[in-house]
Every structure is written in structure tokens, then in C-alpha cells.
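Line by line, the protein sequences are chains A and B.
Using my numbering, read the first sequence as starting at 2 and increasing by one per residue.
Using my numbering, read the second sequence as starting at 471 and increasing by one per residue.
One thing to keep in mind: the hints can contain errors.
Unchecked claim - Some chain B residues well away from chain A (every beta-carbon gap over 12 Å; in silico):
#1 Glu479
#2 Gly485
#3 Ile487
#4 Gln489
#5 Glu511
#6 Val520
#7 Phe530
#8 Ser535
#9 Lys538
#10 Leu548
#11 Ser553
#12 Leu557
#13 Thr573
#14 Arg574
To be verified - Which residues of chain B face chain A? A partial, calculated answer using Cβ under 10 Å:
#15 Gln507
#16 Ala512
#17 Thr514
#18 Phe515
#19 Leu516
#20 Ala559
#21 Val577
Calculated from the structure, these hints are not laboratory results.
Ideal Cβ placement from N, Cα and C applies to all residues, glycine included.
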Amino acid sequence: DTGVSQDPRHKITKRGQNVTFRCDPISEHNRLYWYRQTLGQGPEFLTYFQNEAQLEKSRLLSDRFSAERPKGSFSTLEIQRTEQGDSAMYLCASSQTGSNSPLHFGNGTRLTVT
Amino acid sequence: GQNIDQPTEMTATEGAIVQINCTYQTSGFNGLFWYQQHAGEAPTFLSYNVLGGLEEKGRFSSFLSRSKGYSYLLLKELQMKDSASYLCAVNNAGNMLTFGGGTRLMVKP
Chain A
2 DTGVSQDPRH
12 KITKRGQNVT
22 FRCDPISEHN
32 RLYWYRQTLG
42 QGPEFLTYFQ
52 NEAQLEKSRL
62 LSDRFSAERP
72 KGSFSTLEIQ
82 RTEQGDSAMY
92 LCASSQTGSN
102 SPLHFGNGTR
112 LTVT
Chain B
471 GQNIDQPTEM
481 TATEGAIVQI
491 NCTYQTSGFN
501 GLFWYQQHAG
511 EAPTFLSYNV
521 LGGLEEKGRF
531 SSFLSRSKGY
541 SYLLLKELQM
551 KDSASYLCAV
561 NNAGNMLTFG
571 GGTRLMVKP
């Protein structure tokens, strides 16, 4: 168990550019979540997958955001035409099936849009 | 809708006991989690409670009242390393965790 890994750790981009982040979950976990966190706030839910199926997506999520988990293993989160308001920490988490299964978080990708 | 409230900041003294409260109003309920998050790091799991009552794990305990929509995290024998944010999160019926804003705890010597 090497934990949840995210890449890159930091990303600085100019407004209007597209960015893509990658998450590798714990191998035996079939659920994968994306959250966004800004300074001094709790994580805000973006979307989640069970295996390769995207089961839930936040209604607050702009259509500039898209996530995939093509083979039910790693996942990517893409943000198109980035805006300064997209600057945040993007956290990925994975868990086993079951309501009592805790989420295991990666260290996140910090995005700065200039 | 989902509403989870926690105090924004708390301060306590090393060696003391501190209680961090969380109240929630959610459209579904499948359990409540507490997480610890040190600055610049990922949240780490502390406790899970679904039936209600007190769950004890070392220096940390969590209490849940489902009828009142209320939980607290109790930290005993505080240490400097306990300075962190503590996040209350509710698992709704869709197996999605909704987090509160977090309580930043500062432990002073």
C-alpha cells in the first residue's frame, strides 16, 4: 500500500490555459473522489467514481471541469480555459466500498492561475 | 441541502482537554467522520460514528447524537503536534462525504 499519489504537486498556469491532473488511488480501492480545497475551508466535493463509472458530479461544477477514470484505476481531472478562481488545492481520495470506509487522501495538486 | 457547522478556530493549552463541536443538517445520513489536517498536508482519518454514542481511540474520542444532529471530537492530554485543522464530514445516503469548514486548533505551551 503506497497510498494515494497525485501528480503534479504544484502547477502554475496562465488564465485561459488547460491543465490536467493525475491521481493514482490505492490499488484495492474501487472508489475514487476529487475534492477542491481553498485556504481556511474544508474540502468541497467535485465528483466521484465507482470503478470506471462516474456516479456523482457536483451541481456547482462548471462544464470546464471534466474527470475520467478509463480503466477503473488512475483518474485524470482536466480544467479547460482556467480562471483565477480555479486556484486551489485539488485533492484526490480513494476508498473501499462501504459507507464506513474512510477516504484516504493524496497530498493534492496545488493550482495557481495567474 | 447540506449544512455542517464547526467553530472556525480554537486555542488550548498543552496537556489540557479540548472539545470540538460539529452540528449538521443533511438530506441523508450514513455516518459521520472526523479528519485531522496539518497545514499543507492531506486530511487523515481519525474516527467514524454511525449508530451514536461515544467512540474512544487513544487520546481522541468522538461522540455522535443522531437525534440532535450533533457530534464532538474530544482531544485529551493535548500535545503541540495536535495543532491542526479538524474536519467534520457527513456521509450522506449517496456515499458522498460533505465536509464542514474545519476547526483550526492552536495548542500553546
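ask   = With d taken as the least Cβ-Cβ distance between B:Phe530 and chain A, does d exceed 12 Å?
value = holds, 14 Å
query = Does B:Glu479 sit more than 12 Å from chain A, CB to CB?
reply = Not fine: 10 Å to the nearest Cβ puts B:Glu479 too close to chain A.
task = So, B:Gln507 near chain A? Judge it on the closest CB pair being under 10 Å.
result = holds, 9 Å
query = Against chain A, with CB atoms and a cut of 10 Å, does the hint on B:Val577 hold up?
reply = violated, 18 Å
Given as non-interface: B:Ile487, partner chain A, CB spacing beyond 12 Å = B:Ile487 clear of chain A: closest Cβ-Cβ about 24 Å, beyond 12 Å.
query = Once the closest CB in chain A is found, is it more than 12 Å from B:Glu511?
reply = Given a closest Cβ separation of 7 Å, the condition is violated.
inquiry  = Interface hint check: B:Ala512, Cβ to nearest Cβ on chain A, cutoff 10 Å. Holds or violated?
reply    = holds, 4 Å
task = Check the non-interface label on B:Ser535: least C-beta distance to chain A beyond 12 Å or not.
result = holds, 18 Å
Interface restraint verdict for B:Phe515 against chain A (beta-carbon cut-off 10 Å) = holds, 4 Å
ask   = Far enough from chain A: is every CB of that chain over 12 Å from the CB of B:Thr573?
value = violated, 10 Å
ask   = Would you say B:Leu548 is clear of chain A, with no C-beta pair closer than or equal to 12 Å?
value = Per Cβ check, B:Leu548 is outside 12 Å of chain A; nearest 22 Å; holds.
key: Status of B:Val520, Cβ more than 12 Å from any chain A Cβ   = violated, 7 Å
Of the numbered hints listed earlier, those contradicted by the structure are 1, 5, 6, 12, 13, 14 and 21.
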